[in-house]
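Build the full structure now, drawing on both the sequences and the hints.
Note that the working numbering gives residue 1139 to position 284 of the sequence shown, counting from 1, and the numbers run on in steps of one.
Calculated directly from the structure, the hints in this document are not laboratory data. Don't take every hint at face value.
Stated by the list, open to error - Computed spacing ranges between beta-carbons, pair by pair: (1) Q915 x E892: 22 to 28 angstroms; (2) T1063 x Q1215: 30 to 36 angstroms; (3) Q1014 x A1043: 43 to 49 angstroms; (4) K1175 x N1042: 37 to 43 angstroms.
To be verified - 27 angstroms max Cα-Cα, derived BS3-like pairs, lysine-lysine: (5) K1013 x K997; (6) K1186 x K1113; (7) K939 x K918; (8) K887 x K939; (9) K1183 x K1211; (10) K939 x K1062; (11) K975 x K1013; (12) K966 x K916; (13) K1211 x K939.
Just so you know, even glycine gets a beta-carbon here, dropped at the ideal spot from N, CA and C.
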Amino acid sequence: MKKVIILGGGIAGLSTAIALLRLGMNVQVFEKAPKLEPVGAGIILAPNVIRIFEEWGITQKLKKHGQFINRFVISSDKGKTLSKLNESLFPEQTIAIHRADLHHILLEELKSVPVYFGKKAVECRQHRHGVTVLMNDGEEVKGDMLIAADGIHSVIRKQLLPNISLRYAGYTCWRGVTQIDNHMNLNAELHELWGPNGRFGYLPISKTKAYWYMLINTRPNDHLISNYFLSDLIKRLENYPQHVTDFVKLTENNHVLKHDIYDIPTIDQYVFDNIALIGDAAHAMTPNLGQGACQGIEDAYILGMSLFNHPDSGLQAYQKERVDRANKISKISRRVGIMAQFEHPFLCRIRNLMMKTTPQAFYRKQNQFIYNYRYEYST
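Pasting the structure below:
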């Protein structure tokens, strides 16, 4: 039985553990965080991964803790609709859920898998009999295969591809979760408002909680922005519809996450002999399509299927299946972010006009590429 080391206990790492456990592999997960904590905000599970979770038998748990989303609306900062995608464009349901709830659901599927916390990889060494990972506490972990799911700051990627650096997207994101108020007018929809003062989005992630986010163009590590309070966000939103500011007003300062947004340039190699990069370690992307975690889950599923269908060349089969698709989605996401973050009023007006006149067939084609994906075994 092959022994597999998985670095990273996030969504991609745990999904990989589930996929490989289903193949009967000996799996161990190593996570650098000292303990499991309910971190994060909301996350969108699009149809391309809902069918994976359906196959794994955990969709009912997602439905219990999450919220169906069947419409995506983009408006101007004045509330005028620019684009609307309804459920007829989605082949299957989309579920929004708190990231911590998803993490807990995935961990429940891995009760027989050892998950070690406080274990940060320092380096890896490949040899004739497999791979050895050196941990920060001096422990050496040996296995037949290493799956690096250690995120955008991946130690393993830095060792294997030292010339790949993070790339700043040009904006900072605030994320918050708040209790749903009767005045929020929440339907089963993801709603974004695009304006020169920033982009604001909101959606329900359970029957009682809503997730909101705001993206503002900034310099990396901007000192002024670093000291922003919620009152500063509310001031930037003063010309947006009233219900938008309600989300921020009902959130406590210490319940808000702030991150400068980075991705990595697309790479053409995810596999290095018996080491594979997955998730953000392989293709960290901007959040503009809501596909970052979804692509990590796809990685996990395809890795498992590739190892099952190609016992002697599974990692190479995984790379062949994943590189072009993940890279294309990453590039689309970056382009969407550039357009969505326009600040100049003239550019905003031109963009808004283009969005209102773009045929639904254009959006349908892009959505079908992202959401209708199915793995097909090929020899």
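(request) Output the numbers, in ascending order, of every earlier hint that fails for this structure. (result) Of the numbered hints, just 8 does not hold.
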